[in-house]
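Participant: As a plain string of letters, each chain reads:
Number of protein chains: 2
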Amino acid sequence: MSNLKKIEGGVTTPQGFTAGATYTAIKKRENKKPDVAVLYSDLPCSCAACFTTNKFCAAPVILDREILKKGKARAVVINSGNANAATGKQGIEDARTVEREAEKLLGLGEDEVFVCSTGVIGQRLPVDKVLQGIREIIPGKLAKENGSEAAYAIMTTDTVRKECAYELELSTGTVKIGAMAKGSGMIHPNMATMLVYVTTDAKADPADLQKMLSAAVDKSFNMCTVDGDTSTNDSIFLLANGASGVEIKTEEDKKAMADLVLAICTDMARRVASDGEGATHLIEVEAYGLPTEHDARLVAKSIAGSMLFKAAVFGRDANWGRIMAAAGYSGADVDPTRADCIIKSAAGEVQVMKDGFGADFSEELAKKVLTEHDITVIVRFYQGDGEAKAWGCDLTYDYVKINGDYRT
Amino acid sequence: MSNLKKIEGGVTTPQGFTAGATYTAIKKRENKKPDVAVLYSDLPCSCAACFTTNKFCAAPVILDREILKKGKARAVVINSGNANAATGKQGIEDARTVEREAEKLLGLGEDEVFVCSTGVIGQRLPVDKVLQGIREIIPGKLAKENGSEAAYAIMTTDTVRKECAYELELSTGTVKIGAMAKGSGMIHPNMATMLVYVTTDAKADPADLQKMLSAAVDKSFNMCTVDGDTSTNDSIFLLANGASGVEIKTEEDKKAMADLVLAICTDMARRVASDGEGATHLIEVEAYGLPTEHDARLVAKSIAGSMLFKAAVFGRDANWGRIMAAAGYSGADVDPTRADCIIKSAAGEVQVMKDGFGADFSEELAKKVLTEHDITVIVRFYQGDGEAKAWGCDLTYDYVKINGDYRT
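Protein chains in written order, with the numbering used here: chain X, 1 to 408; chain S, 1001 to 1408.
No lab work stands behind these hints: they were computed from the structure.
Check the hints yourself; a few may be wrong.
Here are the simulated EDC-like cross-link-like pairs (lysine to aspartate or glutamate), alpha carbons at most 16 Å apart as the crow flies [said to hold, decoys possible]:
1. S/Lys1089 <-> X/Asp335
2. S/Lys1367 <-> X/Asp405
3. X/Lys401 <-> S/Asp1398
4. S/Lys1006 <-> S/Glu1169
5. X/Lys55 <-> S/Asp1398
6. X/Lys89 <-> S/Asp1335
7. S/Lys1055 <-> X/Asp333
8. X/Lys89 <-> S/Asp1355
9. S/Lys1089 <-> X/Asp355
10. X/Lys55 <-> S/Asp1335
Excised from the complex, chain X in its bound form (with noise of 0.2 Å):
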């Protein structure tokens, strides 16, 4: 992936796209932050799109999986504050009415316009407010330095915007890509696990976004959690409107793209982790030598998952019985007699296990590697080639704050 830069920028950085947000006092605020967001392309859009797992999932999924099956949409309206989830049938109306008055306001056709929802389950959707709020951003408010006020506009718990932008050559040309996200609790993997929007200039097939898009999240956002508690309305999509002129049609730019679909989605987990309701650190963690990749995939992910090890990296404690014991009911065939763990971080790292057993070493550096905020965890197998990375976020007072008052 030599070819590939990071960039300032976002969702709207890729050409042709442009966003718009607005406050419709969704949830009452004093600073106003905007709560309706519309993402927009001059182009029409080759989509894909991974939805909830959640049997309990929001009306706009099921609504957004019927407007995917068309594959043409060019827009993406979102509100913050209210999930219109378990919303019943006036919730699927409510969500169909919001995605109309976006089509006929942007002159689009049906089903040209995907709408989703974050926020509180089971209130019905307050769509006057929401179209008022589609009204008073299209067409005027929408522009390409917008993106960054539509990323704060689906923010709920989250503390800071997420997003970030990308850039590649490729045989032909260059193409950008672009991403937000929205997710900080009830992340959880089992896809999806936030709201995701990402854009590129590129011109690609449905069928190769999909695959490219499938595979990515499997390996970020599907590897990413904060409380395992997997939401009812998380929905990642995928837009290419080919504005770059930059056709993606050979295997090697395929492989390419699928690199850099691959980078943005790793990045924006790692950002959602790392936001995680109440979190003070990161955690990242990184198994080898299991296996198979899946086994590795439930190692990391119970590790990251362990409820009991995000204490202790809270409270700075190298307790790495809980990790290990993390990777031992995980359901993956783990050898525990022959497993090396090593903490580490920007200030130096521990090894703390060795041949499965406890290894000597300073309360006092692991104390220090736990006081940055990104942390790694490393537990090292040696039964084969699986591995595999997924990330997490320690819990603290503050998530339980957070999540002990959310609704009322």
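Given the coordinates of chain X, work out where chain S should sit on it, guided by the hints.
Facilitator: Quick look at chain S alone, frame taken from chain X:
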């Protein structure tokens, strides 16, 4: 189960069982809480047991599995403060040393003493202290009245002793059953999730006992979660010494005895969940109307284990969206469109969801309901006869505090 009567007592209440405990400073404690316990039967016992499924199981678990094969054990030595887990061959040797010494002191043959440990993972068992402990206990401190002291000795982060006893009239006489348990953190269904000792003076075949115990564990301890972390050590033993002279032979008596074992296991599982680390609420989840019992178990466990719902209960927030989301990602075959949900406690009950949609309910009453210590969540589907119960606790600041600084 009309003949079943709850009585005062614990693990030494059935005839022929004695216990003792002492403090050996495995962990320095100002209050000198005992940390080594011995449970002993005057008569040979039929034995049954279930063990953790964690692949990093502790040395005592490896040893006890061997001892169980001989099926004639009469005593158990338990220490708290050190788990003797991830301690390699040394750990097994250490457990064996404790076993042999106990057998010598008690005048028993080989493989007649189970050994259990609970506490920090990855540090060598202080064998000398444990040996010193059992020498202090055997025989001088072994007494019927010391059951409660033994229940105290096995506690780690537990805040209360967990013991209970029942009496049952069978066709040929009355039998007693008693239990003690330790469990507070690293608790999650996958048997076993703690240390549990069930004693009875009934006379039964080991195979029958194992059948009863496995079935009871499946509906009790395996449906109990505190933090999703399956321990490396945990084990449950059922010891039947026949001291009452009452034989469990007829199918009717076997059925009654199985119900008794289930009753005492359920009682203890509730206590473990209720005393979950940092817990301020016991959460009981009842799931009805699922296609199969397996689906119902998945749903009940998923709700009881949801970090988000646990935090909501702590915050006394009737956030039923999180309940249904947890049912939705449980992996069960659930139909969200016709589901109902009720939250109740001694203070009353509120129906928060009806026919898959949020019900109008009084937030004030809901808050009142959630103020009680014991909360019951009832979810009802309309798909079949599958039903199950699970037990969990809320997620509190104290869970984070306890586990942020457990080891150091």
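Participant: Each hint: holds or not?
Facilitator: Okay, the hints, checked on the actual structure:
no. : hint                    : result
1   : S/Lys1089 <-> X/Asp335  : holds (14 Å)
2   : S/Lys1367 <-> X/Asp405  : holds (12 Å)
3   : X/Lys401 <-> S/Asp1398  : holds (12 Å)
4   : S/Lys1006 <-> S/Glu1169 : holds (12 Å)
5   : X/Lys55 <-> S/Asp1398   : violated (33 Å)
6   : X/Lys89 <-> S/Asp1335   : holds (14 Å)
7   : S/Lys1055 <-> X/Asp333  : holds (8 Å)
8   : X/Lys89 <-> S/Asp1355   : holds (12 Å)
9   : S/Lys1089 <-> X/Asp355  : holds (12 Å)
10  : X/Lys55 <-> S/Asp1335   : holds (8 Å)
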